[in-house]
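Each residue of the sequence shown is one higher than the one before, starting from 1 at the first, in the UniProt record's numbering.
To be clear, the hints were calculated from the coordinates, so they are not data collected in a lab.
Ideal placement from N, C-alpha and C gives every residue a C-beta, glycine not left out.
Check the hints yourself; a few may be wrong.
Simulated restraints, written as ranges between beta carbons of each label pair [as the list claims (entries may be wrong)]:
| hint | residue 1 | residue 2 | range |
| --- | --- | --- | --- |
| 1 | T50 | R100 | 47 to 57 Å |
| 2 | P30 | Q63 | 43 to 53 Å |
| 3 | A59 | L22 | 51 to 61 Å |
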Amino acid sequence: MSPADRRRTRGPRVLVLSAVVLLLAVFLLPSLQKWLEQRSEIGRLNARITQQQQDLAAARGEQARWDDDTFVVIQARERLRYVMPGEVPYVVDGPSDADRVSPQQAATTVPEPSAAWYENVWESLRLAGNPADAPPPGTPGLGSSSTTTR
1 MSPADRRRTR GPRVLVLSAV VLLLAVFLLP SLQKWLEQRS EIGRLNARIT QQQQDLAAAR
61 GEQARWDDDT FVVIQARERL RYVMPGEVPY VVDGPSDADR VSPQQAATTV PEPSAAWYEN
121 VWESLRLAGN PADAPPPGTP GLGSSSTTTR
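With the hints as extra help, turn the sequences into a complete structure.
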């Protein structure tokens, strides 16, 4: 067979082969896409199953703690203020930490608004950009600084 004859028969063969490959691609690509989607869905479901198994293990641990009578007694004492028969319950009713500060001292620690809210916001942004101008810690109010730029 001469090279010219081979070229003549090669053209239709290549055309038929490329048509078959194209036909296979058209039919197999949607199936491949579905397969990839299903694989990702399986991965998501496996992660969800793992999370639910961890939640179930935590719930079973909590249930096991509540099956212990000592734990139930402790919870009843703390949450419901129950006491055992024969015990005398005491409730401490007195000043709390908030009562240790006098009203005058509390009033001096509350900053007085010296400017409109938007001026305080602007001053806060300016100070955030240049911490060297920031007032010392504990200084009440942002608007009390005399270095306001406008």
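The hints, checked one at a time:
no. : hint                   : result
1   : T50 x R100: 47 to 57 Å : 51 Å, holds
2   : P30 x Q63: 43 to 53 Å  : 48 Å, holds
3   : A59 x L22: 51 to 61 Å  : 55 Å, holds
The structure agrees with every numbered hint stated previously.
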